[in-house]
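> Below, each chain spelled out in residue letters.
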Amino acid sequence: MSTPSAAQRFVRGILPENPVYRQMLGLCATLAVTNNLKSAVTMGAAVLFVLVCANLMVSLIRHWLTPHLRIVIFTLTIATFVTVADRLLAAFLYPMSKALGPYIPLIIVNCIIICRCEVCAAKQGPLTAVADALGQSLGFALALVSLAAVREILGTGMWFGFRVLPAAWPDWVIMVLPPGAFLTFGLLLGLANWISARRGGKEEA
Amino acid sequence: MNAAVMTTDTMPAKRPWRDNALFQGWLVLLLAVVFGALLAGVQTALGPTIAANKRNETLSQVPALLAPASGAAATAKLEIDTRMLPVSRGGRTAVYRVHRARRDGQLAGWVVQTAGQGYADRIEVLVGLSPEADVITGLFVLDQKETPGLGAKIATAPWRRQFVGKPAAAPLEVVKGGGAGANQIDAITGATISSRAVVAIVNRALADVSSQLAADAGKAAP
Chain A
238 MSTPSAAQRF VRGILPENPV YRQMLGLCAT LAVTNNLKSA VTMGAAVLFV LVCANLMVSL
298 IRHWLTPHLR IVIFTLTIAT FVTVADRLLA AFLYPMSKAL GPYIPLIIVN CIIICRCEVC
358 AAKQGPLTAV ADALGQSLGF ALALVSLAAV REILGTGMWF GFRVLPAAWP DWVIMVLPPG
418 AFLTFGLLLG LANWISARRG GKEEA
Chain B
935 MNAAVMTTDT MPAKRPWRDN ALFQGWLVLL LAVVFGALLA GVQTALGPTI AANKRNETLS
995 QVPALLAPAS GAAATAKLEI DTRMLPVSRG GRTAVYRVHR ARRDGQLAGW VVQTAGQGYA
1055 DRIEVLVGLS PEADVITGLF VLDQKETPGL GAKIATAPWR RQFVGKPAAA PLEVVKGGGA
1115 GANQIDAITG ATISSRAVVA IVNRALADVS SQLAADAGKA AP
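Residue numbers (the numbering used here), protein chains in the order written: chain A, 238 to 442; chain B, 935 to 1156.
Extracted from the complex, chain A is given alone in its bound form (with noise of 0.2 angstroms):
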């Protein structure tokens, strides 16, 4: 068993171990955020900023981790830098962070990251840990956008605030309300799982 390297750390992230649909983390805000494209894309980009600044600030000290201690180290470091992308937002996008209410700061508990703390960055180098926090959370946007784009269509017939379906879709308003969260993820997971089941399972060996 060899640690993998950087390319194959990016390149599973996106989606043979795509944080959402394979290994089912973070799933609180992925519910929760995508009922619009433009909270979907804010929030990936926000993990983004946080899972690659806590990777690296991780791999950088990884050396000095005690067993006992790591798990506060990496929850203040992730803190920190979701603070600091809070923060940001509510300097720079207003709008967006009035938007996404507590789910930014809720960043903090996002599982995903601790993951990639524990998994990747406490024991690879920094640039393996920044190429996995890319995949990871690029992986992560794609799953967000992906639920949002069948979300926002179908609630409101439009796409990032622009009106794609005619006026004359009925807008089923559930898809944009909590139980809408639940369907359209479901039936992706199983769209996503039978895809994987059709290609043999090659990539699960």
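Careful: at least some of the hints might be erroneous.
Computed cross-link-like contacts, PhoX-like style, restricted to lysine-lysine with a CA-CA straight-line distance of at most 25 angstroms [claimed, not checked]:
1. K1011/B / K275/A
2. K988/B / K1011/B
3. K988/B / K335/A
4. K1110/B / K1087/B
5. K1110/B / K1079/B
6. K275/A / K1087/B
7. K988/B / K275/A
8. K335/A / K1079/B
Counterexamples of contact, computed for chain B against chain A with all Cβ distances above 12 angstroms [to be verified]:
9. W951
10. G975
11. P982
12. K988
13. P997
14. I1014
15. L1019
16. G1039
17. A1091
18. R1130
19. N1137
20. A1149
In short, the hints are calculated from the structure, not lab data. Yeah, the Cβ is synthetic: ideal placement off N, Cα and C, and Gly gets one too.
Given the coordinates of chain A, assemble chain B onto it according to the supplied hints.
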């Protein structure tokens, strides 16, 4: 006693400071200080921008909430000053944030910021009033978390427009299916509670502040 004995037994005799919690946590403590400084820096740098964002969000709505100006006054720049207006009425005290708008030194109207409980969460609104504080000239929903597609329609322009021109003296009432009366607001289908909540918030604020604002307008007149 036992605990003390055990500690001495398990502790390496050579370097007792290695087991000290403060020593073991050096990285945590160091990072806490470094990150604390980083966050303080971020807050110092961005704090004013964030505060300005919040203020601008409110102030940018003020012109649309006033009665449209006519003639020469239409091009005059709007000056807005904000103050806190404490009101105590019926054993209840409240403080309202009131924005006073003037054009060329002439009072153009008032915008009252107020909030109350909605169906899901707090609803925060701005109510525009004529200079004499007797007619509603506009309504804007600053913050709400009502049900998307139903209660959230309180923030839409067609519904809010109903408030424009309504008298401020008598309380407004919510009716279902096309309110036509002078004091009537048509409820949103499927969101009667949200509609009632907004109207109740507006009514309470108007009852509290309109007489005081009218008196102020009289004083300000040349």
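> Now tell me, hint by hint, if it's right for this structure.
Do the hints match the structure? See the list:
{"no.": "1", "hint": "K1011/B / K275/A", "result": "violated, 34 angstroms"}
{"no.": "2", "hint": "K988/B / K1011/B", "result": "holds, 22 angstroms"}
{"no.": "3", "hint": "K988/B / K335/A", "result": "holds, 10 angstroms"}
{"no.": "4", "hint": "K1110/B / K1087/B", "result": "holds, 15 angstroms"}
{"no.": "5", "hint": "K1110/B / K1079/B", "result": "holds, 22 angstroms"}
{"no.": "6", "hint": "K275/A / K1087/B", "result": "holds, 20 angstroms"}
{"no.": "7", "hint": "K988/B / K275/A", "result": "holds, 20 angstroms"}
{"no.": "8", "hint": "K335/A / K1079/B", "result": "holds, 11 angstroms"}
{"no.": "9", "hint": "W951", "result": "holds, 15 angstroms"}
{"no.": "10", "hint": "G975", "result": "violated, 10 angstroms"}
{"no.": "11", "hint": "P982", "result": "violated, 9 angstroms"}
{"no.": "12", "hint": "K988", "result": "violated, 8 angstroms"}
{"no.": "13", "hint": "P997", "result": "holds, 19 angstroms"}
{"no.": "14", "hint": "I1014", "result": "holds, 19 angstroms"}
{"no.": "15", "hint": "L1019", "result": "holds, 26 angstroms"}
{"no.": "16", "hint": "G1039", "result": "holds, 32 angstroms"}
{"no.": "17", "hint": "A1091", "result": "holds, 15 angstroms"}
{"no.": "18", "hint": "R1130", "result": "holds, 21 angstroms"}
{"no.": "19", "hint": "N1137", "result": "holds, 26 angstroms"}
{"no.": "20", "hint": "A1149", "result": "holds, 35 angstroms"}
Hint compliance for this structure: hints 1, 10, 11 and 12 are not met, and every other hint is.
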